[in-house]
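Build the full structure now, drawing on both the sequences and the hints.
Number of protein chains: 2
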Amino acid sequence: MKLMRSWMQSANDPETEFPLNNLPYGVFSVDGDEPRCGIAIGDMVLDVAAMEAAGLLRITDDFVLDVPFWNEVMELGPEAWKRLRVLLLGFLGEGAESQEQVAKYMIPQARVRMHMPLLVAEYTDFYAGMQHAKNMGSILRGSPDLPANWLHIPIGYNGRASSVVVSGTDIHRPLGQTRVAGADAPRFGPTERLDFELEVGAIVGTGSVLGQPITTAQADKMIFGFVLLNDWSARDIQAWEYQPLGPFQGKAFGTTISPWIVPKAALEPFRCAEPVREVPLLPYLHEKTQGFYNVALEVQIQPADAPRASTIARTNYNQVYFSAAQQLTHHAVCGCEMNPGDLLGSGTISGPARDAFGSLMELSWAGEEPMTLDTGETRSFVEDGDTLTLRGHAQGDGYRVGFGPCSGRILPALHMPGWA
Amino acid sequence: MKLMRSWMQSANDPETEFPLNNLPYGVFSVDGDEPRCGIAIGDMVLDVAAMEAAGLLRITDDFVLDVPFWNEVMELGPEAWKRLRVLLLGFLGEGAESQEQVAKYMIPQARVRMHMPLLVAEYTDFYAGMQHAKNMGSILRGSPDLPANWLHIPIGYNGRASSVVVSGTDIHRPLGQTRVAGADAPRFGPTERLDFELEVGAIVGTGSVLGQPITTAQADKMIFGFVLLNDWSARDIQAWEYQPLGPFQGKAFGTTISPWIVPKAALEPFRCAEPVREVPLLPYLHEKTQGFYNVALEVQIQPADAPRASTIARTNYNQVYFSAAQQLTHHAVCGCEMNPGDLLGSGTISGPARDAFGSLMELSWAGEEPMTLDTGETRSFVEDGDTLTLRGHAQGDGYRVGFGPCSGRILPALHMPGWA
Chain S
1 MKLMRSWMQS
11 ANDPETEFPL
21 NNLPYGVFSV
31 DGDEPRCGIA
41 IGDMVLDVAA
51 MEAAGLLRIT
61 DDFVLDVPFW
71 NEVMELGPEA
81 WKRLRVLLLG
91 FLGEGAESQE
101 QVAKYMIPQA
111 RVRMHMPLLV
121 AEYTDFYAGM
131 QHAKNMGSIL
141 RGSPDLPANW
151 LHIPIGYNGR
161 ASSVVVSGTD
171 IHRPLGQTRV
181 AGADAPRFGP
191 TERLDFELEV
201 GAIVGTGSVL
211 GQPITTAQAD
221 KMIFGFVLLN
231 DWSARDIQAW
241 EYQPLGPFQG
251 KAFGTTISPW
261 IVPKAALEPF
271 RCAEPVREVP
281 LLPYLHEKTQ
291 GFYNVALEVQ
301 IQPADAPRAS
311 TIARTNYNQV
321 YFSAAQQLTH
331 HAVCGCEMNP
341 GDLLGSGTIS
351 GPARDAFGSL
361 MELSWAGEEP
371 MTLDTGETRS
381 FVEDGDTLTL
391 RGHAQGDGYR
401 VGFGPCSGRI
411 LPALHMPGWA
Chain L
1001 MKLMRSWMQS
1011 ANDPETEFPL
1021 NNLPYGVFSV
1031 DGDEPRCGIA
1041 IGDMVLDVAA
1051 MEAAGLLRIT
1061 DDFVLDVPFW
1071 NEVMELGPEA
1081 WKRLRVLLLG
1091 FLGEGAESQE
1101 QVAKYMIPQA
1111 RVRMHMPLLV
1121 AEYTDFYAGM
1131 QHAKNMGSIL
1141 RGSPDLPANW
1151 LHIPIGYNGR
1161 ASSVVVSGTD
1171 IHRPLGQTRV
1181 AGADAPRFGP
1191 TERLDFELEV
1201 GAIVGTGSVL
1211 GQPITTAQAD
1221 KMIFGFVLLN
1231 DWSARDIQAW
1241 EYQPLGPFQG
1251 KAFGTTISPW
1261 IVPKAALEPF
1271 RCAEPVREVP
1281 LLPYLHEKTQ
1291 GFYNVALEVQ
1301 IQPADAPRAS
1311 TIARTNYNQV
1321 YFSAAQQLTH
1331 HAVCGCEMNP
1341 GDLLGSGTIS
1351 GPARDAFGSL
1361 MELSWAGEEP
1371 MTLDTGETRS
1381 FVEDGDTLTL
1391 RGHAQGDGYR
1401 VGFGPCSGRI
1411 LPALHMPGWA
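So the protein sequences, as listed, match chains S and L. Residue numbering for the first sequence follows the working numbering, beginning at 1 and increasing consecutively. Residue numbering for the second sequence follows the working numbering, beginning at 1001 and increasing consecutively.
Don't read these hints as lab results, they were simulated from the structure. Nothing here was measured: the structure is a model prediction, and the numbers come from that model. Virtual Cβ for every residue (Gly too), placed ideally from N, Cα, C. Among the hints, a few may not be true.
What the hints assert, rightly or not - Computed footprint of chain S on chain L, listed as stretches where at least three residues anywhere in the stretch have a Cβ under 8 Å from a Cβ of chain S:
no.	stretch
1	1156 to 1170
2	1177 to 1189
3	1200 to 1212
4	1248 to 1256
Structure (structure tokens):
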């Protein structure tokens, strides 16, 4: 696929994450006005809510863009998503007749504030990164052997939707119970092993019916788009709490997503082959159109007083063993109702190389081998004041499709009300 | 506490679950009209939405009762909940002047259809039944020893809000992956070990702020009321999937709650002492006012062709080791934002006696000792056509406070679309 040229020159820059080929969904505001739907194009945001209000852009009878979330568009279904995309390509393509009219609805990205692009209905986090699973096995259990079910089931757990936040939101270091190795009793206080997890999140656009399973083909059609996702984790809280019912408060204090939802349509040219299957999958997980994508990912960390960020990991979304469509199928197959706005985290994505690991737990091997940053500082886990940033892009022929930075800074822990 | 007498004679019956002392919140409709808020009193439903519309009952400036959920009332906070209760006690008490006027808003319970009483924001299921945890340890790991964290942490996991349904909703037997003991590979198909779990659910009425922990005293004030809750479970799906991230699809096909939310105020007289602590709790979990309640619970099962239901278990809500307020505190203490409509399951409640176990897994000891029902049939797990019903009441002096039946029938599994 080649660059689709736009009259908006900044969209033709081979380095921009927002060429005409992308057209990602976001929610923005300017100078404190009402947050509303917008589309990124080059270094601008197209105020599609205003275009809808002016009668220039309509994808259905109702107004669906004047709200601070894309859920209403999601609910309209894939035909409407396509209609919107076709309209936007028409408005923004090189030589478009309406250029002058549309130019009035462009706002520089430097001027806008980005908000959560969707109302998260429910949040589920999967565990589809094989290298990550092997690393965690080695670190926690002394063996890289995968759990017996790992190659068969898209393993997942329900996360907490209420703490999903948009890039740029500060996160307080969480309090919780931890137990030092060898201690009889746990203690209560701020986590000492705060970590990030590099993931891609899939957004469910249309729902399923309670009690009714779905196929992988249906699941693929239900997916609206993708975000970058940092599943912040408190490793010491998690280690003490997770037996026997899985991760809970070690994950519930914050999950950061990118401001832009990249449409599934924009990633179509980047579909790639499924991984080699070590054992056959059960038929309900077979895919005719495979839901794997070639998207380069990287992680940067910037301490509070550092002049610049250090890149600490580079990997690819194609390192997952189960696609988002397979995860969604598995999620719904028991009869669980899926809804527009459900967010499915891929699981931490680690590549095989040491500098391709998707968490500090892996990069510093549980603190045994602290990382040295470009600035000379070392890190075993995330410290107060650190900013973590995930970036991702699919590389086309002379263009790239990206998500915008998925960034969050850690603030010190808050004390309990009424506590010393 | 004694019976508070009402001019509605059926509310003075010592057997009714809905005396004036209760006044539970429900959502009802009549002959297919719009579902709206109602209050149970004796064998009637008081149409408080109509009273609000008529200007007879106002708890705030806005209309908050003409909707099919109690969330708007929840959001008003404890003072508004109290105001509503005081108004209702005035309208319904013996000798009330407005009796004739209010009587027009009474509808026989036999005529109404009950709906979900709330929009479930998120659903969390805990694990606070000590006997249940010991039984599951004995059955699954050969030892009743509790996990090392059990006495310290209100262990919980995030469940799926989208599959929480109101009593009376049929549930399809779920499909999923299971692996027969000794088999190399899993199979896909309907669960063969369908179970119920007897729980009490706490409804969070007011929220907390992302990033800010709460105290147990705050948590207690945030609780709006309680429901009965059946956390349907597919034991074979659960057994194969739950390592290492906990229960997922084995729980996600359905959770049934009672149609009525019993106000926390109605259960105040039934608060009881906390359990004996085998180890001291961390200070953040200490309670000044203990959130444990004496509520008798029972479970009935009725096969499709059986003339009547058999009672298979009797226990008490006071058998939990952590209160709902302690669970809520733990949930929020990491900074996790809690919201109106969050539902917290207590965990399966089993008493020490064999006939006080809160699941068939325990009652039939994983199928090793099938139960014999009153009708002579036996049960190891739930079969197609079976109806499971939970009941619960707090016994006062000449009155009881109940929830209405929490009932669900199991239908056969549905085939996958496109499958043979």
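Hints, one by one, checked against the model:
no.	hint	result
1	1156 to 1170	holds (count 9)
2	1177 to 1189	holds (count 6)
3	1200 to 1212	holds (count 3)
4	1248 to 1256	holds (count 6)
Hint violations for this structure: none, all hints satisfied.
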